[in-house]
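Undergrad: So the chains spell out like this:
4 protein chains.
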Amino acid sequence: MGIILGGNQYGKAENRIVRFVRDTPRHEIRDINVTTALRGPFEPAYLVGDQSNVLPTDTQKNTAYAYAKTEGVESIEAYGLALARHFVRDVEPVEGARIEIEQYDWDRVSVGGVEHDHTWVRKGQEVRTAAITVDATGEHVIGGFKDLVILKSTGSEFADFLVDEFTTLEPTHDRVMATSLVAEWRFGAVPADWNTAYDTIKQAMVEQFAIVQSLALQQTLWHMGKAAIEAVPELVEVRLKAPNKHHFLYDLERFGIENNGEVFHADDRPYGLIEATVTTDDAPPAGDAWLPSAGLA
Amino acid sequence: MGIILGGNQYGKAENRIVRFVRDTPRHEIRDINVTTALRGPFEPAYLVGDQSNVLPTDTQKNTAYAYAKTEGVESIEAYGLALARHFVRDVEPVEGARIEIEQYDWDRVSVGGVEHDHTWVRKGQEVRTAAITVDATGEHVIGGFKDLVILKSTGSEFADFLVDEFTTLEPTHDRVMATSLVAEWRFGAVPADWNTAYDTIKQAMVEQFAIVQSLALQQTLWHMGKAAIEAVPELVEVRLKAPNKHHFLYDLERFGIENNGEVFHADDRPYGLIEATVTTDDAPPAGDAWLPSAGLA
Amino acid sequence: MGIILGGNQYGKAENRIVRFVRDTPRHEIRDINVTTALRGPFEPAYLVGDQSNVLPTDTQKNTAYAYAKTEGVESIEAYGLALARHFVRDVEPVEGARIEIEQYDWDRVSVGGVEHDHTWVRKGQEVRTAAITVDATGEHVIGGFKDLVILKSTGSEFADFLVDEFTTLEPTHDRVMATSLVAEWRFGAVPADWNTAYDTIKQAMVEQFAIVQSLALQQTLWHMGKAAIEAVPELVEVRLKAPNKHHFLYDLERFGIENNGEVFHADDRPYGLIEATVTTDDAPPAGDAWLPSAGLA
Amino acid sequence: MGIILGGNQYGKAENRIVRFVRDTPRHEIRDINVTTALRGPFEPAYLVGDQSNVLPTDTQKNTAYAYAKTEGVESIEAYGLALARHFVRDVEPVEGARIEIEQYDWDRVSVGGVEHDHTWVRKGQEVRTAAITVDATGEHVIGGFKDLVILKSTGSEFADFLVDEFTTLEPTHDRVMATSLVAEWRFGAVPADWNTAYDTIKQAMVEQFAIVQSLALQQTLWHMGKAAIEAVPELVEVRLKAPNKHHFLYDLERFGIENNGEVFHADDRPYGLIEATVTTDDAPPAGDAWLPSAGLA
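Protein chains in written order, with the numbering used here: chain C, 12 to 308; chain X, 12 to 308; chain S, 12 to 308; chain D, 12 to 308.
Chain C on its own, in the form it takes in the complex (with noise of 0.2 Å):
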């Protein structure tokens, strides 16, 4: 038996770089956070420690700074694929790159009911991400966000499911539905504008978890994957990841006060995890563009 190496990166993560625009009074921001990823020839560096090939993270790091000055970051997929193919074919030993982005989005503050040119509030909804992948098998681009949390008070029910001998819940069909939606979606083609995707996309999923009478929170999470490629046709593939944040009604029948959905305790720990794909049936393939980089899990 041998030993060997197998698959191997390196990189630079959580790069916090902040971007304004400065060119007139009406200052503009971008907010991100930056992971780059390197794959090649490496070999050396784990085997025998030659770093005759290593592009230090230190100089990727100072690369995405330089970057968001000299291409500017008017959308982090089209900033990511800059810096992404740079590494690969600028830096000679490269053969793949790795770009994740989060942004955080920020809102103008109104003074005296006018727009302020210069001072934001962070506006702390979702995160929007990216990720982008240059190597032999192309050009790879997906586009997401995090963290939207978002809740219905009714129009949800879940009854009719499978019991075993383990099995307690009582069948509804009046109940909460939240969740922290993790959303992924990759691009066949080159969208018009990335910012006006983006909108188009979240737009079309959040009216989704709004109008379906939801039987399950898997056929929700259907709906919004549909509705996302239906509003934007580059999309070829939607990942879902959505927790299912439960909300239990409080029992205050025991002192004598009625409870008609009115009053829930927000529990922290279990919570329901479903995950779901939503692609075209003729989706391109997808090369590494799934293949994580780590920084920003």
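Think of the hints as simulated: they come from the structure by calculation, not from any bench.
Built from N, CA and C at the ideal position, the CB exists for glycine as well.
There may be inaccurate statements among the hints.
[As the list claims (entries may be wrong)] Derived lysine-lysine pairs resembling DSSO-like cross-links, with alpha carbons at most 27 Å apart:
(1) Lys157(X) - Lys157(C)
(2) Lys252(D) - Lys252(X)
(3) Lys256(C) - Lys256(D)
(4) Lys252(X) - Lys157(X)
(5) Lys256(D) - Lys157(X)
(6) Lys252(X) - Lys80(X)
(7) Lys134(X) - Lys157(C)
(8) Lys134(X) - Lys256(C)
(9) Lys80(D) - Lys157(S)
(10) Lys80(X) - Lys134(C)
(11) Lys134(X) - Lys237(C)
(12) Lys134(S) - Lys157(S)
(13) Lys256(S) - Lys157(D)
(14) Lys237(S) - Lys134(D)
(15) Lys80(C) - Lys134(C)
(16) Lys134(S) - Lys157(D)
(17) Lys252(X) - Lys134(D)
(18) Lys134(S) - Lys256(D)
(19) Lys256(X) - Lys134(C)
[Said to hold, decoys possible] Beyond 12 Å from chain C on every Cβ pair, some chain S residues (computed):
(20) Thr35
(21) Val201
(22) Ile268
Fit chains X, S and D to the given chain C structure using the hints.
TA: Below, chains X, S and D alone, put in the same frame as chain C:
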């Protein structure tokens, strides 16, 4: 030398209560985190394990959920006052009650441009807080918020400071200023509407952060506290705690790239931390208003 | 173009189970966090909301607690295997089960120099992990740990690396090396004792971290993975993910104070991130062994 | 009505300092998190932005790192005292200094059964803390720890408590008791050795948790505080804050499975929260000893 029991309290921390109003098809949501603490003649529980005066923390939990139904949560201040008064007035040995509450706001979802009746996304900005104390020193209401992340890309300076042998900082007349503000304010009288007061105070503070040409974060805090009191005359004291979330200009000159205040590294630690109290000169005594419970730190 | 459902699974995440053995006055404790996920013909739940094949996540929770009693938790690998087999063998439509477990260790308290029978303090070091998959591709057991924070104050170098136009890093032949290691290993066969295997693997890795004169974190990882496989012959694959937790020498020369590798700033972000796989050259196919559930990321 | 500036302070929070002693091949490590805060005549900085009295927080940071070298960190109490005295004595306008420190302990790694000279794993148990105040009220030293997670599987009861209309809890004479203890203690005199004092106090507390047949967590806290003062006569006051981390017996009877205190659900929220102070009856005045800085909450 003898050893004696000093100050003490006990309660139930972090009851995650979600209260809906469902009287019409258009539902309302209040999402809160409630911590209760009781004070009184509980020495026997400590010294000899005698629980005869001890209302279980489990009972406090039940009460908090029950009051969410019977009193409702129109505002966290009013709900907290009702709950505190109950413990002090209705439970024989209890002499003082402290209720601390966090509130998480939700935005109503739009579907086809129309607000949806029963679906929301969590807003994600600042967390509104309240701390209500009812005891022999009176009834005290503290409002506040935490985690209001606010940033300005210019309009901030820091210069002409004290220099000693360990000082290496360069003065600057144009820097990024950002903080994650914690604010608490004490009411000397009951305002016409707790929720209106909250919105007015927050807006007054945010506006000052934007418009003051800041010579130091200290100066900005002073103006924020002062504006809050001027905007809501029932306020008698404002306490502010503001981490100076440093944004360091990234040195791109090394690569022949200009960086005129456009690309920054947002650093994590260490951070400046500025704390200030702003009061009226005739503020009534605070009694136990600021004596903390411990649940939500 | 049609839109279809792709890969999917569902389960109950983060069941916080504490199992005591109380057969004698000297109790034992197992403190675990269990995530279950089921795979199989669940399309109707997504497509039309038909739950007839869906064993509720609430039932999965009940089952996890019940098996903690009936099977016990002698090792998380054996417990997880029993639970996974139950779902696949005993619940008609289920075709695959994935069980992910975290284990938190406790140290027995000493009283007067004697180990106490029923009191512990949480150990607080690394979290032991397991991921068990039972499906048509076989039975797969992955062991591991996360959050093993390890540091050496010398014996680490980084020099002779690739230089490009964005490289500013200085080479060094004496630096601090620290990481918070995540390791996962795949068993090709069942070891004599799961717990002994765990201890042996961990010790082998820790020793390599200490004794290798490191020319790069990459090199250290290779030696750690190799040593683990050599120490426990049932292993066929080791995956390592290591953030390079940077410690920067603090510049005290500015104050006329010497700093010979004695005072460092431990930085938060960004950090290097090195990932490597080490395998035997005859490792059997992994099947779905590495196909993740999503609960504990 | 006038509006005035009240209490205020400013400083640098969470300086993550790692100090090695490398005088011999067997190195030593001190891993600390230092927060400084200064008090004094800083009103002009708030009111008009005049920084002439303001020692920058950046300078405070430099000083904390420099003192880690020049004074060393034999104990966090001694290091903190030296740093606080410096600010008050050596920096002209400063009238008071507050230094708060967290210490993370590391265990030396064993290689082949022998302790290694320069490699450690982070211990991960409780975080040791100190809060040093030097001002016109004197020199005050508070020691402590947080996050000491301790559990006993029997020897805990809760019964004969007060019952009101919201009480549904059942009394019990055998339950799991667990907490994540926060303790702070005030020294009335300087002990022979700060580190020995720490170990003695912690051991005294842990032993009481184990051996007291607890009728309430309150009673256990009293005995822990009392034992600490008895063990280290320089102590004059102990403050304890203990979340009651509930472990609920899981109902397995529904499945025909006996559960004699063997399988529990470890719940997250809500949790009981018990707070108590234990003092000597001749404790000297506390002055500003307990007046908090705000960095590490």
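Undergrad: Now, for every hint given, state plainly whether the structure supports it.
TA: Each hint, compared with the structure:
no. : hint                  : in the structure
1   : Lys157(X) - Lys157(C) : holds, 22 Å
2   : Lys252(D) - Lys252(X) : holds, 23 Å
3   : Lys256(C) - Lys256(D) : holds, 21 Å
4   : Lys252(X) - Lys157(X) : holds, 9 Å
5   : Lys256(D) - Lys157(X) : holds, 26 Å
6   : Lys252(X) - Lys80(X)  : violated, 34 Å
7   : Lys134(X) - Lys157(C) : holds, 14 Å
8   : Lys134(X) - Lys256(C) : holds, 17 Å
9   : Lys80(D) - Lys157(S)  : violated, 33 Å
10  : Lys80(X) - Lys134(C)  : violated, 31 Å
11  : Lys134(X) - Lys237(C) : holds, 26 Å
12  : Lys134(S) - Lys157(S) : holds, 14 Å
13  : Lys256(S) - Lys157(D) : holds, 24 Å
14  : Lys237(S) - Lys134(D) : holds, 26 Å
15  : Lys80(C) - Lys134(C)  : holds, 24 Å
16  : Lys134(S) - Lys157(D) : holds, 14 Å
17  : Lys252(X) - Lys134(D) : violated, 32 Å
18  : Lys134(S) - Lys256(D) : holds, 17 Å
19  : Lys256(X) - Lys134(C) : holds, 17 Å
20  : Thr35                 : holds, 29 Å
21  : Val201                : holds, 18 Å
22  : Ile268                : holds, 26 Å
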